[in-house]
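There are 2 protein chains.
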Amino acid sequence: MVALHASPAERHKLSEDGILVMLNRHFPATHASLLLGRGDDCAVVDGKGPLAVSSDIFLEDVHFRRRYFMPEEVGYKALAVNISDLAACGARPKGFELCLGLPENVDATWLEAFFSGMAELAKRYNMVLAGGDLSRSPTVHIAISVWGEPAVRDGFLVRGGSMPGDVIFVVGKLGLARVGLHVLEDSGREATKDWPDACAAHLRPEPQVDAGLMLARAGFNARPPALMDISDGLIRDLPRLLGLSGGLRATGQAHGGSLGAEIVLARGQLHPEVIRHAVNLGRDPVRETLLGGEDYALLGSCAPDMLPSLNAAIPGLFSLGVVTTGGNILCNNEVLDVSSGFDHFNNGHV
Amino acid sequence: MVALHASPAERHKLSEDGILVMLNRHFPATHASLLLGRGDDCAVVDGKGPLAVSSDIFLEDVHFRRRYFMPEEVGYKALAVNISDLAACGARPKGFELCLGLPENVDATWLEAFFSGMAELAKRYNMVLAGGDLSRSPTVHIAISVWGEPAVRDGFLVRGGSMPGDVIFVVGKLGLARVGLHVLEDSGREATKDWPDACAAHLRPEPQVDAGLMLARAGFNARPPALMDISDGLIRDLPRLLGLSGGLRATGQAHGGSLGAEIVLARGQLHPEVIRHAVNLGRDPVRETLLGGEDYALLGSCAPDMLPSLNAAIPGLFSLGVVTTGGNILCNNEVLDVSSGFDHFNNGHV
Numbered sequence: 043m044v045a046l047h048a049s050p051a052e053r054h055k056l057s058e059d060g061i062l063v064m065l066n067r068h069f070p071a072t073h074a075s076l077l078l079g080r081g082d083d084c085a086v087v088d089g090k091g092p093l094a095v096s097s098d099i100f101l102e103d104v105h106f107r108r109r110y111f112m113p114e115e116v117g118y119k120a121l122a123v124n125i126s127d128l129a130a131c132g133a134r135p136k137g138f139e140l141c142l143g144l145p146e147n148v149d150a151t152w153l154e155a156f157f158s159g160m161a162e163l164a165k166r167y168n169m170v171l172a173g174g175d176l177s178r179s180p181t182v183h184i185a186i187s188v189w190g191e192p193a194v195r196d197g198f199l200v201r202g203g204s205m206p207g208d209v210i211f212v213v214g215k216l217g218l219a220r221v222g223l224h225v226l227e228d229s230g231r232e233a234t235k236d237w238p239d240a241c242a243a244h245l246r247p248e249p250q251v252d253a254g255l256m257l258a259r260a261g262f263n264a265r266p267p268a269l270m271d272i273s274d275g276l277i278r279d280l281p282r283l284l285g286l287s288g289g290l291r292a293t294g295q296a297h298g299g300s301l302g303a304e305i306v307l308a309r310g311q312l313h314p315e316v317i318r319h320a321v322n323l324g325r326d327p328v329r330e331t332l333l334g335g336e337d338y339a340l341l342g343s344c345a346p347d348m349l350p351s352l353n354a355a356i357p358g359l360f361s362l363g364v365v366t367t368g369g370n371i372l373c374n375n376e377v378l379d380v381s382s383g384f385d386h387f388n389n390g391h392v
Numbered sequence: 043m044v045a046l047h048a049s050p051a052e053r054h055k056l057s058e059d060g061i062l063v064m065l066n067r068h069f070p071a072t073h074a075s076l077l078l079g080r081g082d083d084c085a086v087v088d089g090k091g092p093l094a095v096s097s098d099i100f101l102e103d104v105h106f107r108r109r110y111f112m113p114e115e116v117g118y119k120a121l122a123v124n125i126s127d128l129a130a131c132g133a134r135p136k137g138f139e140l141c142l143g144l145p146e147n148v149d150a151t152w153l154e155a156f157f158s159g160m161a162e163l164a165k166r167y168n169m170v171l172a173g174g175d176l177s178r179s180p181t182v183h184i185a186i187s188v189w190g191e192p193a194v195r196d197g198f199l200v201r202g203g204s205m206p207g208d209v210i211f212v213v214g215k216l217g218l219a220r221v222g223l224h225v226l227e228d229s230g231r232e233a234t235k236d237w238p239d240a241c242a243a244h245l246r247p248e249p250q251v252d253a254g255l256m257l258a259r260a261g262f263n264a265r266p267p268a269l270m271d272i273s274d275g276l277i278r279d280l281p282r283l284l285g286l287s288g289g290l291r292a293t294g295q296a297h298g299g300s301l302g303a304e305i306v307l308a309r310g311q312l313h314p315e316v317i318r319h320a321v322n323l324g325r326d327p328v329r330e331t332l333l334g335g336e337d338y339a340l341l342g343s344c345a346p347d348m349l350p351s352l353n354a355a356i357p358g359l360f361s362l363g364v365v366t367t368g369g370n371i372l373c374n375n376e377v378l379d380v381s382s383g384f385d386h387f388n389n390g391h392v
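Protein chains in written order, with this note's numbering: chain S, 43 to 392; chain Z, 43 to 392.
Hints may be right or wrong, so weigh each one.
When chains are identical, the list treats them as one kind, so a pair holds in a single copy or across two.
[Claimed, not checked] The calculated lysine to any residue pairs, modelled on SDA-like cross-linking and capped at a C-alpha distance of 25 Å, are:
1) K235 with P327
2) K90 with F262
3) K165 with T72
4) K90 with Y167
5) K235 with L312
6) K165 with A242
7) K90 with V200
8) K90 with L77
9) K90 with E191
These aren't lab readings, by the way, just hints derived from the structure by calculation. All figures in this text were calculated on a predicted structure; none of them were measured in a lab.
Pulled out of the complex, with its shape left as it was, chain S reads as follows (with noise of 0.2 Å):
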């Protein structure tokens, strides 16, 4: 793959073969839930029932940063947003797509590590690299579908579906990521030692995969919950949850509004670096909780008697409050504006 004498500017110089020659080595290539793998024109899965699918953008300078991010952690979260997605519909991770173009400027040993990353939470989840596609782009840029099956028959979760009454709850952290972001914009990789948990949150989000399959499996002989997951804030995202607002990929949904909800984010709830954060800024630490961005956490809503079984079998669910009616959000009872959070389409989060 490398020529043995190759000048210092060759050594690393990236050819499509030599790629190919690294993607197989960190991706297996066969896999039970593939008929055919890579190398032809498609792959052949194997459908033996729905599928669910889901497809993101992970862009350079969009949404990562190549000066504070290290190469494992951009193929990392490139996976992790998308893997994300199906743990939010209860699905079991089963095999991705992706598209990647590449700059002049990355080298094999940059890239070798990219692919170790993503390889880390393919292997961890099982996932097969179906095919995909290689370009030259400006700048870094990964586009990656994903699918995967229901952990019971036909057990896919929606967002839609809460009812008065239910309980909202949520699996993760709430307003980690944003606060990473922050510092390791303003300080560079040095943030991750006075914010390591803010800068992980950023850099590794944790998709939330076996808590969406018990809340799938939760739902199988029940009113199954609601379930989303919380990628542009808690004040965007809850709206969603109810039908009072679209949202990226919204399309016809209810938008009635006749849902609302309570909420209660108490001060002993927050993450310590998430008060230290917004204290330091002046800002009110429940308010940057509820920003949010990039959470990867897991929204939901269930029947209140679900709640005993879902906070004993699933570690991190906590729960944040009821649905109502009547269209408005209280959190703390007061009355958010939920105009405000994170758009990524228009304000492009770095």
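Add chain Z to chain S, keeping to what the hints say.
This is chain Z only, laid out in the frame that chain S set:
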């Protein structure tokens, strides 16, 4: 979507919600094959059997230029090149996911036309847009994942399986899109006047879906044809069909190199615009045809006794030569140097 008294500068400014409204107008949200449509974390595809899946990137200034592509053509071609991969497997297109990055200088008029070009093709093949992702990006970039079902039970076609004595055939035009690229790069949109077929081949390639389905059916009660689409030129793709080289997505295919080919390209078979362009530049029209690039024709091989029925059933199919042994490819009795041709990764074709 657009404020009534918006200033001229604001009038065509895009919002996320505005884009979603536009998208919903162009692409129906429901489809017989979708159990859950757009608007949730995942879509749910009704997997009643194996699915062929493929992904392709389509990037501004790498794969297309806004200078001479109409927005309709960008939308059309981004999806067409993906559908071509399904055609090459003999698959019937079913659905797709769209990852779309848009720079600030794209306005609603451009995007409307872009969607209409893409929707034209989606409608023709009854494909549902199941979801995707939207982001800001420095240039227009598009990554699409498509899936399709087999024309006949489990009847996807693959690249491998050619045998000595098999007939090599092509469905579609060779070398024409490459001429289109050159003249459009030289003269911009003006080139469409003197080079109508070449420009059309580059701007609006025709995926050979019907031919792929016919070929899959032909293989149901006989040894199936080997099949792929020609995206990098015959000179690079024929060795891939024969297992002599890997390619962008190749992994662990037979590299034994025992097959070969003898093909004939008579001047009478070449497109007049390819000949005229080659003559203008003092080049060999046959070699220019072989170099190709983005032909999106189908390339295949089959047992000789299958050819007459294929010829009768598939318009535009012509035979090119025969599969031999020994690892060499002869064209018009001369050994081809197959190390040249079109390399998306290292050359970036525009």
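Given a CA cutoff of 25 Å, do K235 and L312 count as a within-copy pair, a between-copy pair, both, or neither? within (20 Å within a copy, 66 Å between copies)
For the identical chains here, do K235 and P327 meet the 25 Å Cα criterion within one copy, between copies, both, or neither? The answer is within: 21 Å in one copy meets 25 Å, while 64 Å across copies does not.
At 25 Å max between alpha carbons, let me know whether K90 reaches V200 within a copy, between copies, both or neither. The answer is both: 21 Å in one copy and 21 Å across copies each meet 25 Å.
Have a look at K90 and F262 and pick one of within, between, both or neither, based on CA distance no larger than 25 Å. both (19 Å within a copy, 22 Å between copies)
K90 and Y167: within-copy, between-copy, both or neither at 25 Å Cα: both (19 Å within a copy, 24 Å between copies)
What label fits K165 with A242 when the C-alpha limit is 25 Å: within, between, both, or neither? within (20 Å within a copy, 44 Å between copies)
For K165 and T72, with the copy left unspecified, which applies at a CA distance of at most 25 Å: within, between, both, or neither? within (13 Å within a copy, 34 Å between copies)
K90 and E191: within-copy, between-copy, both or neither at 25 Å Cα: Classified as both: same-chain Cα gap 9 Å, cross-chain 13 Å, threshold 25 Å.
Is it within, between, both, or neither for K90 and L77, if the alpha carbons may be no more than 25 Å apart? both (12 Å within a copy, 14 Å between copies)
Against the hints set out earlier in the document, no violation occurs for any number.
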